[in-house]
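Asks: One letter stands for each residue in the lines below.
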Amino acid sequence: MSTTTQDAPVEQAGPDEEETNYLNHETSIWSWLTTKDHKRIGVLYCISLAVVFLVAGVLALLMRAELSGSGQTLMGNDTYNQVFTMHGILMVFLFLVPSIPAILGNFVLPLQIGAKDVAFPRLNLASWYVYLAGAAFTITALLTGGVDTGWTFYTPYSASTGGGVLWMTSAIFVAGFANIFTGLNFIVTIHKMRAPGMTWNRLPLFVWGMYATSIVQVLATPVIGITMVLLILEQTLQIGIFDPALGGDPVLFQHFFWFYSHPAVYIMILPAFGILSELIATFSRSRIFGYRAIALSSVAIAMLGFLVWGHHMFVSGQSAISSIVFSLITYLIGIPSGIKVFNWVATLYKGSIWLQTPMLYALGFLFMFTIGGFTGIMVGVLSVDVHLHDTYYVVGHFHYVMMGGSVVALLGGMHYWWPKITGRMYNETLGKIAAGLVFVGFNLTFFPQLVLGARGMPRRYANYAERFAGLHQLSTVGSQILGLGLFLILGYALWSLAYGEKAPANPWGATTLEWTNTTAVPIHHNFERIPLVTRGPYDFHLADEVFGGGDGEALSDDVPQIPDPAPSAPSETDPTESAGV
Amino acid sequence: MATETAPAPTEREEAEHDHHPEHLQHHFVSSKQQFDSAKLGMWVFLITEVLLFSGMFVAYAVFRQWNPDVFAAASGTLDQAMGAANTVVLLTSSLTVALAIHAIKQDRVQRCIYYLLGTLGLAGGFMVVKYFEYMAKFEHGVFPGAAFDPHGAHYEHLAEMTAAPQFFSIYFVMTGIHGVHVIIGMIVIGVLALMAWRGSFSSEWYTPVELTGLYWHLVDIVWIFLFPLLYLI
Amino acid sequence: MGDFWLPEAASTMAPKIDSLFTFVNVVSGVLLVGVVTAMLWFMYRYRRQDPAERPSPVKESKLLEISWIVIPTILVLLVFNWGFKSFVAQKTIPDNAYEIQVQARSWGWSFEYPNGVTTDTLYVPADEPVKTTMSSQDVIHSFYVPAFRVKQDVLPNRYTSVWFEATKEGAYDLFCTEYCGRNHSEMDAEVKVVSRARFDEWLESAGTPDDIPLPKLGEKLYTQQGCQGCHSLDGSEMVGPSWKGLYGKTEHKMADGSTVTADANYLRESILQSGAKVVDGYQNVMPSYASLSEREVSGLVEFIKEQSDKELSEE
Numbered sequence: 114m115s116t117t118t119q120d121a122p123v124e125q126a127g128p129d130e131e132e133t134n135y136l137n138h139e140t141s142i143w144s145w146l147t148t149k150d151h152k153r154i155g156v157l158y159c160i161s162l163a164v165v166f167l168v169a170g171v172l173a174l175l176m177r178a179e180l181s182g183s184g185q186t187l188m189g190n191d192t193y194n195q196v197f198t199m200h201g202i203l204m205v206f207l208f209l210v211p212s213i214p215a216i217l218g219n220f221v222l223p224l225q226i227g228a229k230d231v232a233f234p235r236l237n238l239a240s241w242y243v244y245l246a247g248a249a250f251t252i253t254a255l256l257t258g259g260v261d262t263g264w265t266f267y268t269p270y271s272a273s274t275g276g277g278v279l280w281m282t283s284a285i286f287v288a289g290f291a292n293i294f295t296g297l298n299f300i301v302t303i304h305k306m307r308a309p310g311m312t313w314n315r316l317p318l319f320v321w322g323m324y325a326t327s328i329v330q331v332l333a334t335p336v337i338g339i340t341m342v343l344l345i346l347e348q349t350l351q352i353g354i355f356d357p358a359l360g361g362d363p364v365l366f367q368h369f370f371w372f373y374s375h376p377a378v379y380i381m382i383l384p385a386f387g388i389l390s391e392l393i394a395t396f397s398r399s400r401i402f403g404y405r406a407i408a409l410s411s412v413a414i415a416m417l418g419f420l421v422w423g424h425h426m427f428v429s430g431q432s433a434i435s436s437i438v439f440s441l442i443t444y445l446i447g448i449p450s451g452i453k454v455f456n457w458v459a460t461l462y463k464g465s466i467w468l469q470t471p472m473l474y475a476l477g478f479l480f481m482f483t484i485g486g487f488t489g490i491m492v493g494v495l496s497v498d499v500h501l502h503d504t505y506y507v508v509g510h511f512h513y514v515m516m517g518g519s520v521v522a523l524l525g526g527m528h529y530w531w532p533k534i535t536g537r538m539y540n541e542t543l544g545k546i547a548a549g550l551v552f553v554g555f556n557l558t559f560f561p562q563l564v565l566g567a568r569g570m571p572r573r574y575a576n577y578a579e580r581f582a583g584l585h586q587l588s589t590v591g592s593q594i595l596g597l598g599l600f601l602i603l604g605y606a607l608w609s610l611a612y613g614e615k616a617p618a619n620p621w622g623a624t625t626l627e628w629t630n631t632t633a634v635p636i637h638h639n640f641e642r643i644p645l646v647t648r649g650p651y652d653f654h655l656a657d658e659v660f661g662g663g664d665g666e667a668l669s670d671d672v673p674q675i676p677d678p679a680p681s682a683p684s685e686t687d688p689t690e691s692a693g694v
Numbered sequence: 009m010a011t012e013t014a015p016a017p018t019e020r021e022e023a024e025h026d027h028h029p030e031h032l033q034h035h036f037v038s039s040k041q042q043f044d045s046a047k048l049g050m051w052v053f054l055i056t057e058v059l060l061f062s063g064m065f066v067a068y069a070v071f072r073q074w075n076p077d078v079f080a081a082a083s084g085t086l087d088q089a090m091g092a093a094n095t096v097v098l099l100t101s102s103l104t105v106a107l108a109i110h111a112i113k114q115d116r117v118q119r120c121i122y123y124l125l126g127t128l129g130l131a132g133g134f135m136v137v138k139y140f141e142y143m144a145k146f147e148h149g150v151f152p153g154a155a156f157d158p159h160g161a162h163y164e165h166l167a168e169m170t171a172a173p174q175f176f177s178i179y180f181v182m183t184g185i186h187g188v189h190v191i192i193g194m195i196v197i198g199v200l201a202l203m204a205w206r207g208s209f210s211s212e213w214y215t216p217v218e219l220t221g222l223y224w225h226l227v228d229i230v231w232i233f234l235f236p237l238l239y240l241i
Numbered sequence: 315m316g317d318f319w320l321p322e323a324a325s326t327m328a329p330k331i332d333s334l335f336t337f338v339n340v341v342s343g344v345l346l347v348g349v350v351t352a353m354l355w356f357m358y359r360y361r362r363q364d365p366a367e368r369p370s371p372v373k374e375s376k377l378l379e380i381s382w383i384v385i386p387t388i389l390v391l392l393v394f395n396w397g398f399k400s401f402v403a404q405k406t407i408p409d410n411a412y413e414i415q416v417q418a419r420s421w422g423w424s425f426e427y428p429n430g431v432t433t434d435t436l437y438v439p440a441d442e443p444v445k446t447t448m449s450s451q452d453v454i455h456s457f458y459v460p461a462f463r464v465k466q467d468v469l470p471n472r473y474t475s476v477w478f479e480a481t482k483e484g485a486y487d488l489f490c491t492e493y494c495g496r497n498h499s500e501m502d503a504e505v506k507v508v509s510r511a512r513f514d515e516w517l518e519s520a521g522t523p524d525d526i527p528l529p530k531l532g533e534k535l536y537t538q539q540g541c542q543g544c545h546s547l548d549g550s551e552m553v554g555p556s557w558k559g560l561y562g563k564t565e566h567k568m569a570d571g572s573t574v575t576a577d578a579n580y581l582r583e584s585i586l587q588s589g590a591k592v593v594d595g596y597q598n599v600m601p602s603y604a605s606l607s608e609r610e611v612s613g614l615v616e617f618i619k620e621q622s623d624k625e626l627s628e629e
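Same order as they appear, the protein sequences are chains A, B and C.
With the working numbering, letter number 215 in the first sequence gets 328, and the count goes up by one each step, no holes.
With the working numbering, letter number 225 in the second sequence gets 233, and the count goes up by one each step, no holes.
With the working numbering, letter number 226 in the third sequence gets 540, and the count goes up by one each step, no holes.
Quick caveat, the hints were computed from the structure, so don't treat them as lab data.
Worth double-checking, as some hints may not be accurate.
With the Cβ distance kept under 7 Å, some of the chain C side facing chain A (calculated, not the full set) [what the hints assert, rightly or not]:
#, residue
1, W319
2, L320
3, A323
4, W355
5, L392
6, V393
7, S400
8, R463
9, K558
Ideal Cβ placement from N, Cα and C applies to all residues, glycine included.
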C-alpha cells in the first residue's frame, strides 16, 4: 500500500501545504476542456448531467403542477404534451442512460481496478463532446417547434406531427455514440488495465455492474441508432418502413424501439446495483453475501435483458404467442434481481451498520427497488397487463425502478464518492434531512400513481376525470417535497465545494483501491505507485490499513476518536507497509 | 483491496520511463498492453457495427417475409453482373489489406504502401461500379421513398407492386450505409498510406494498420451478406 | 383490498383479473414486509457501536442462496401460469359474439352496429359476449374500458379485436390509452350497458337515418364522426377552421396563397378529399371522409350552411 495517504488528511488542514492533485495541477479552463483524465471527464459529465437533471426535474414539477387539477390549470394540452415528452427524452436519453457510467464510472472505475486511466482517454473525452453535440441538437429541436411525440416516438404519430422531431431523433442518434464510446472504453479497461493481483474475483461489484452495463450499451445502442436513422429517412425521403401511410408497419417500429429501450432500462439499473453493493458493504463493514451471485446475476440480467422487449407490446397487436414467450422470459429476469435484494439484506446480518447519508440512500433503494420489482412482476402478468398497460400503474412502476432505484443509487453514490471527487465533506445533518425528504417525497409522489393506474387512469393525459383528482393532488404534493429535497442537496453540495470540511483519504473506512491507495484527492495519475492487490474487495477483516487512515467517524464530535489501528494481519510484517493506508 | 505496492511493475514502469517508446501512451504499462487494448477495442467496435447492420437485415427479413414475390421480382431488376464484379473487387481488397499488414510486420514499408494504395484503388473501383448501378436505377425513376416512380421496359412492372418501394428503400439504405463505410475506410487507408510514407510505422508499431485491416474485413463481410440477399434471391 | 386498488368490475373477465391482481399484490406485500422487517431489524441490531468494530465475516450459506432462487422461481411460474390461462381466455373470442365495428380517429370514436347505425356512444347488451373489430383512420389509438379490464391498440393498417361480456347495466368510461396528440386526454367515450330488450329497442329507433331531414342528419354526423373535435360552431379556434360563418365566405384564403369561395362544392371537396385545399394557418391533418354516403355528405353541407347567415346563389 502506498505510504503517503494515511497522514494526508490531517496535514492537509494547512492550505499552504496543499498537495498537487488532479484538480489543481492545472487549472485553466482550457486544461479542463482538453483533459484526457478520466476523473476530470467524470466531473465534466457530472456538471452537464446535473444541468439536464435540473431542467428535466423542473419539467416534472411543472407537469405535476398542471395535474393538480382535473382540467386545465397551468398550461394547455399542447404545452403539456411537449413538457412530458421533453421530461421523458431528457431523463432517459440524456440523463439516466449516461448518468452513473459517465459520472461515477468514469471517475471511480479506473481507480477501483488500479489503473492510471481508461484504455482510450481521447475517446473518453470525445464521448463528452459527442454528448454535448447531442444536447445541442436537442436544443435545436426545441427551437424548431419542440417535440410532442412522447419519448417513444411511435409511428405514425411521430411521422405526422412535425416540429422538431427530426432534430430530436438526430440528437438521440448522436448521443448514442457517447454511450457506445463509454461502454467500449470500460469493457477494454476492465479486461486489459487491471492492476497486478486484481483478478476477476477481486473486482469490486461496482466494476462488475459497469461491465454488465457496458455490454448492454455496446450491443443495444447501435440498434436505436439505426432505428433513428430509418425514422429520419422516413421523414425526409418517405422510405416507408414504419409509416403505414407509405406501406410500412408501426408495430415493427415498436419492436425496433423496444429492442433498444428495454435493455436501456438495464443500462440505467445495473450500475445502480453496483453502487448499492459498494454502499452496503462499506457501511455494514462486511463482505458482500453471495459476491459471485451478485456479480453473475448482473451479467445474466444483461443477457436476458435482450430477450424481453416484447413485454412492452402485449396490447400492441403483436401475436399472442410472442406475448406469452416474452412474459415467461420476463419472469426469468425477475429472479436475478430478487437474488440481489436478498443478498444485500443478508449482507447487513451481523455487520456493523453505520447510518451515514449514503447508507440511508442504499436502504431507501432496497425498499423502493423492491416495490419497483414487484410492480414489475405485476405488469409482466399477461392478463393483468392488459388492464394496467399505458396507465399510471406503469408510470409508477418505472419511476420506482428508475428514480427510486437508479437515481437514489446515484445520489447515494455521489454522497459516498463526493469526498474523493471534491476533497470536501458535505454536511451530514443536511444530508440526512435531504435523504428523508427524497424518500418521503418520492413515495408520496409515486405510490398514489400506482393506485391511480390500477383504478384506470391512463398516462399522458393533460386532463382527467374528476374522480382521480384526490390521488393526483397527493402526488403533486409529493413531487414538491421531492423537489425540495433535491434542491436542498444541490444547495449543500455547492456550499460544500467552497466551505466544506476537508475530507480525509478514507472517511468511510472502505476497502476498495480508490479509498485505500490514493490521496484524499487523487493525484493526476491516480496512484503514486501501481497497487498490488492481495485480497478481495470487501475483506474488512484483512484490511488493517483501512483503520490506520481516518475513519470518517472522527469527523463527528459525539463519536470518540478511534483507538489504535487494529492489529496487522500476520502476513504483514513489514513496518512500512502496515503503517501505510 | 491491495495491501501492498507491487514492486515489480513499478520498477519496470519507472525504468521504462527513461526509454519510453514514442508510441506508448503514459497510462499503459507496456506496448503489448497498449496493442491488446487497441485490438480488443476494435473488436468491440466491430460488434457495434454488426448490430447496426443487423437492424437493417431484420427490416429486410420482415418485409421479405410479408412480400416474398414482390421482393423476388424487384431483386431481379438489380444488375447481378455488377454486383458480382463488386464482390470480387472487395474480396481482392481484403487480400491486399492483409498483405499490407504482412508487409509492415516485416518492416517492408514500401511494399506496405503499395498494398495500401492498391486497396484504396480497389475500394474506389467499388464505388465507381456502385455509382453506375445507382445511376442506372435513378434513370428509370427507381428512387428510395416518395420519389419512387419506375418507368422503362425493365421497371414498369414494379409500379403496380405494393411493396416494391420498400425493397428499393431497403436496398438504397443498406447499400448506402455500406457505401458510407467504404468511403470512411478509403479516407482512413489514405491517411495510413501517407503515414507509412512518412515512416510512422514499423514492425514495432503498426497498430493502426492492423485495426484498419479488421475494419476493412468487416466492410467486406457485410457486402458478402448484402450481395446474395439483395441481388441473388 | 381489491376495492381500494381497482375500479368497478363490470365484465365476466374482470373478477378473474382482479383475483390475480390481488394475489400478486398480497404475495408482494408479504415479501416486501419480510424484506423491510429484516432490514430494519438488522439496522437496529447490528448498528455500529464502536468505530473500530470489525465483525468477522459471515459464512455464506448455500442452502439459503438456493432457497431464495428456487422459491421465487416457483412463485413467478405460478403467477405466469395463472396469467397465461386468463390471457388465453381474453384472446379467445366466443363464436357467438355480437360484433361492433369501431373506428378511431384523432380524437374521437365511432361505433357501427350490424344494421348500419353509427354512434359516438358505445351501446352494448348486457350478459352477452361482444366483439369489437377496430381500425384507426390516422395514428395509433388504444381502446380501454377499465371496468371491463380490456385494452387493445387500434392500428391504422390492420384490424384488431377485443371481446368482453358486460355483467352490470350502467355507464362506464372508455379511454384512449395510446398517446395520439393534442386532445389525447379528451379522446374518451361512454359505454352504456343495457339489457338485451332495451338494446334491441334502441337499435331499432336509432337507425334509419333516411327519415330525418338533412340538416338534422348533419348535426348528428357532426358529433358521430368527430367533426366537433376540430371544428367549432361558435367561432373559437381549434385544430380546424370554425364552421361558424364559414359557408358563403368569398375571400377564403388557402395555404398556397389562393382564395376560394366557400360554397357547397368546396365544402364537399374538403370533406371527401381533405388535403385538396388547406386553409391558410392550419395544418393538413384532417383524415378523408370518403366513406360517407352521398346523403350524409349533403347532410353535413346543409348543417354547415345553417351555421352561417350568408347566402350564396349557386346551383
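Asks: Okay, which hints does this one fail, numbers in order?
Replies: 3, 4, 5, 9
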